[in-house]
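If you're matching them up, the sequences are chains A and B in order. Quick note, in my numbering, the first sequence goes up one by one and the last residue is 289. Quick note, in my numbering, the second sequence goes up one by one and the last residue is 1171.
There could be a bad hint or two in this list.
[What the hints assert, rightly or not] Each computed SDA-like pair below joins lysine to any residue, with the alpha-carbon atoms no more than 25 Å apart:
| # | chain 1 | residue 1 | chain 2 | residue 2 |
| --- | --- | --- | --- | --- |
| 1 | A | Lys65 | B | Ile1028 |
| 2 | A | Lys105 | A | Glu94 |
| 3 | A | Lys65 | B | Leu1029 |
The set of hints was computed from the structure by calculation and includes no laboratory data. Computed from a prediction, not measured in an experiment: that's the story for all the values here.
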Amino acid sequence: MLGKGFNLLRRLFGNKLFIISLVLVLLFVLAAMTASENSKLNVIRNVISVPLKPLQTGINAIGGKIKDVVNYFKDIRTTKAENAELKLKIREMERELEKVHRLEKENENLKKLLSFKEQYTQEIIACNIISKDAGNWFEIFTIDRGSKDGIEVDDPVINADGLVGRVSRVDLLSSKVISIIDTESSVSARLSKTRDLVILRGDAQLRTQGLCRLDYITPDVEVSVGDKVETSGLNSLYPKGIMIGEVIQVVKNEGQFDYYAIVKPSVDFRRLEEVAVIKTAVEGEGDNE
Amino acid sequence: MRRRILVLALLVYAACLLQSTVFGYIEILRIRPNLLLVLAVTISLIRANMEAAFMGLVCGLAMDTLIGRTLGWYGMCLFLVCFAIGMINSKLYKENPLIPIFFVFVSSLTVELMYYFINFFLRGYQDFGFVLTGIILPESLYNSVLTLFVYPLVLQLYKKLDKYNFVHTRL
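I would like the entire structure built from these sequences, with the hints used as guidance.
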């Protein structure tokens, strides 16, 4: 009986068609299970991502050095004019800063009066980008921190200029960040001037130019070129008031109810090198632990 | 056999490393070639069908991991394409350098189209025209150019491997 069963197995695994269908079925199961970003099965990624990470970091550092050397000679020429300009700016900013300090004090005092409590505590983890999207289909890049450093799926990612995206997969030593110009991404946003709510989405064609679009704008909302866009804070993913970008073109189609606008993000996605991951924790929860 | 698996694993890791770092610097019009696809297709041109299919599977899954989305779609596409090439490769006249280039071009087109149709299934394929001319065709062309460098390297590597293993590469 056992021999018969064994023979059958051997015959089956000698059959190419059987092996191929088996692999295909297994692949479908794998795909179905890893489609969710929080899936436990995503640990398999570590087989590739963990050994690669130190090498990627190394190559990236060398690439950065080479770029620096090339840029050094370019920069010398422009430095003088820039220097003069910056000195002027600094003087202006110092004046502003004094004002800010005064306002800050005032704000603190007023908050004390109202016994106003900050809703969130934020911790910022600085990360380097170690590789850009490996294929041509998505706008997903890899950063050099992972679950070991406390990064979790859906953490917002920013840099000095504004919103970059969110963490989409976490490996042990590295994680993937999906940027706001990816076709899969959508952000609840607000127009800074009129306070209208809009939805910011990536577009297959615009993403190659580093742009994205505001979708489904109803006719009663007025959008004009130059309007600033920021996060609304309405879906709890992104904190409120992070700069996203500026409207550069409004597209109205004849005969269509709503219209859309093209937004240029304030982050330059081609020259992105360092980002910061925001860890938010609701204050009450933090106290209990 | 063990040595062989080790060498092939190192080969795939090296390809992953290049694909994710160095290739970022050689992008043309924001399109980068797909080294893992080229590697899988060149291997499937010189090996028997089952080995070809499994090397395709490994390279595809590696590519899926690098991209950082659902695991398995590139794996599936490359598995099938490499198996098909492995079936017919004994009938090919491989001294002609145009053969690998042609095969890489056609399989790039096939794999990337399959990947697009699977992944953007829910998006309704609105930008198909742009995707075809802006992403798939340039990438296939770039892959074909890359074959000029990858194919001789892979061939050399397999000849070296065969010396120790007494298994003969189909050439």
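**Study point:** Straight-line alpha-carbon gap Lys105(A) to Glu94(A), limit 25 Å
**Key:** holds, 17 Å
Practice item. Measure nothing beyond the straight line between the CA atoms of Lys65(A) and Ile1028(B); if it is 25 Å or shorter, mark the hint as holding. Key: Distance of about 22 Å is within 25 Å: holds.
Exercise for review: Below or equal to 25 Å on CA atoms is what counts here, so check Lys65(A) against Leu1029(B).
Suggested key: Holds, because 24 Å separates the two Cα atoms, which is no more than 25 Å.
Comparing the model with each numbered hint stated earlier shows that all of them hold.
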